[in-house]
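*Asks:* Sequence:
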Amino acid sequence: MFRQFRSEVADALGEALASLDLPTDDLGIERPPDDMDATLASSVAFRLAGEVGDAPPNVAATVADAVDIDGYDYLNAVDTAGPYVNFHAGERYLADTLDAAAPDADYGALPDRDTSVVVEHTSANPTGPVHVGRARNPIVGDAVANLMEYAGYDVDRHYYVNDAGRQMAVFTWAYERFDESDLAEDPARDRAEYDLVRYYRKGNSYLEEADPEAVETAEDEIAAILQGLEAGDEETYERVGEVVDTVLGGMKDCLARLPAEFDEFVKETRFMRDGSTDDIAARLKETDHAVYEEDAWQLELDDWGIDKNLVFLRSDDTSLYTTRDLAHHEWKFANYDRAVTVLGEDHKLQADQLDATLELLGNDTDRLGHVIYSYVNLPDGKMSTRKGTGVMLDDLLDEAIDRAREAVETRMNDRIRDDDLTEADVERIAHEVGIGAVRYDIVSKQPAKAITFDWEDALDFEGQSAPFVQYVHARCCGILDEAADAGVEVPGVTADAEGVVDVDALDVDASTLETEAARDLLREVARFPAAIESAADDLEPHTIATFTREFADAYNAFYRECPVVTAEDEDLRAARVALVAAAKHTMANALDVLGVEAPDSM
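Read in order, the letters of the sequence shown correspond to residues 1 to 602 in my numbering.
None of these hints come from the bench; they were simulated from the model. A hint or two may mislead.
What the hints assert, rightly or not - With beta-carbon atoms standing in for the labels, derived distance ranges:
{"id": "1", "residue 1": "Leu207", "residue 2": "His370", "range": "48 to 54 Å"}
{"id": "2", "residue 1": "Asn335", "residue 2": "Glu180", "range": "40 to 46 Å"}
{"id": "3", "residue 1": "Thr452", "residue 2": "Gln227", "range": "30 to 36 Å"}
{"id": "4", "residue 1": "Glu406", "residue 2": "Ser116", "range": "24 to 30 Å"}
{"id": "5", "residue 1": "Ala351", "residue 2": "Glu208", "range": "47 to 53 Å"}
{"id": "6", "residue 1": "Ala351", "residue 2": "Pro111", "range": "37 to 43 Å"}
{"id": "7", "residue 1": "Val426", "residue 2": "Ala351", "range": "43 to 49 Å"}
{"id": "8", "residue 1": "Ala557", "residue 2": "Asp190", "range": "23 to 29 Å"}
{"id": "9", "residue 1": "Glu561", "residue 2": "Ser116", "range": "42 to 48 Å"}
{"id": "10", "residue 1": "Glu286", "residue 2": "Leu110", "range": "42 to 48 Å"}
{"id": "11", "residue 1": "Glu286", "residue 2": "Ala231", "range": "31 to 37 Å"}
{"id": "12", "residue 1": "Pro379", "residue 2": "Glu406", "range": "16 to 22 Å"}
We treat Cβ as the ideally placed atom computed from N, Cα and C, and that holds for glycine.
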């Protein structure tokens, strides 16, 4: 409803400005300040004051007088507050919102756009366990994919596997060169990536510490692996593939705990084997921007404001990661309408070079989007897989579950619901809250801002955290269960013979929601689909986390002021039950976008 109301406001305001012979290119429509009683406001008077030659409040009054509200479904009134033109929705807006949201478990999902999108995220090199510093990529990436799916896109989730670079050649060499007796430590966990990473670490330490002659021999063997990959040697592919697939299998198990799952794991060597990398290199050589310097083919990208040249082919004709990624992206463009990539801040230059080169090759780079994020730190500092130090994502998730379990058990006596939690219930809640706390704390921050993860903030049941917003959903479930037990019809729970319930069939009258707390909550429900649309357009899932906090505040105000099942008036009780159902669906789906579980009880 909010999206339709916003469209009506845009139409009415645009027509008013046109009638006044004023420009309509920037309407300045926005959410009003918290202290302003309006559904939407326009700051257009600020922009037009100079052109009109009058003070913004006077311009606002002139514009408001020119707005015609006749013929609109939801636009009910227009007035001003200082320099703002305020737009008010009528009763039908709230009634239709309740009608749409209360029975619909998919509320907030937008219509199909008939547009395919590939979201590439995580893509961590398969050299060992996923560590905390990189945890932001699968969490943000999964949320971006969820968000675009809710916004009506046909989404595929891809993990791009770097199986052709020097790291994998070193790993393969080390795995074949050393055996268990050469390794100093036992695996940190009984899982493949923790086992094999010890060979990778051993190989790197050997290359750093062995005598020069032994290192030279090792480097020749590593170079032979790289050359074998470049030449398409099947035996070399199999050797490297054994290591890659084994380590990747363990990494998948770790990521599934978040969960972050993928539709396809696309290997880098795919674009070497099919000839597309060679094609890219040949095409780049033919451009006016190609130069051969310092024993390598490079691209000068000064015309795109990039000072550093892009090296795309070594003197021995072996390709680089970016060359292969160019072929990868042209493959994306051939198979999808849009491509979104989630990258760490250390790949910002690479992303800029990639975009410029794709444009140089004749691709429409408007179809490409990037989400650039900073890394996650713990108070103890940074981490390094190669050196074998740091905190792994598994460790973080284990501790999150342990801390959540302790918090749940500590709060047992403070629970409002009288249902008895079994040990299995406590364990379920610990997983939902613990992993939800990690995901929510990370995805709720603007990606470009660095994060130092803090346990107390992440698991604060009273603060701006996952438990705080998850508790709203649990409260909704408790009220709806109580209502059903009391014989009150519950949207989405109490069904007709065909299994369908809608609000109209329940004779719910939204106008009975007389308190401002109830109406404010319904207004928050109304704007959820628009929040999805805006966040998807900007690739900003953190704004949905902001929405959940604002929604939780509105719901808690309603919860404090408005008894539901015990409401004396039958019509009022039915309307409040419907509102709780609408709130439940809204919060469940907002959390689902973020990849956070919505517990039925806490």
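*Asks:* All hints, please: hold or fail.
*Replies:* Hint-by-hint comparison with the structure:
Between Leu207 and His370 the C-beta distance comes to about 33 Å, which lies outside the given range of 48 to 54 Å. Checked against the hint of 40 to 46 Å, the pair Asn335 and Glu180 passes, with Cβ atoms roughly 43 Å apart. Checked against the hint of 30 to 36 Å, the pair Thr452 and Gln227 fails, with Cβ atoms roughly 43 Å apart. Glu406 and Ser116 have their C-beta atoms about 45 Å apart, which leaves the hinted 24 to 30 Å range violated.
A hinted range of 47 to 53 Å is violated for the C-beta pair Ala351 and Glu208, which are about 30 Å apart. The hinted range of 37 to 43 Å is not satisfied by Ala351 and Pro111, whose Cβ atoms lie roughly 31 Å apart. The beta-carbon spacing between Val426 and Ala351, approximately 44 Å, falls within the hinted interval of 43 to 49 Å. Checked against the hint of 23 to 29 Å, the pair Ala557 and Asp190 fails, with Cβ atoms roughly 49 Å apart.
For Glu561 and Ser116, the Cβ-Cβ distance of about 46 Å falls inside the hinted range of 42 to 48 Å, so the restraint holds. The hinted range of 42 to 48 Å is satisfied by Glu286 and Leu110, whose Cβ atoms lie roughly 43 Å apart. Take Glu286 and Ala231: their Cβ atoms lie about 23 Å apart, and the range 31 to 37 Å is violated. In this structure, Pro379 and Glu406 meet the distance hint of 16 to 22 Å, their C-beta atoms being roughly 20 Å apart.
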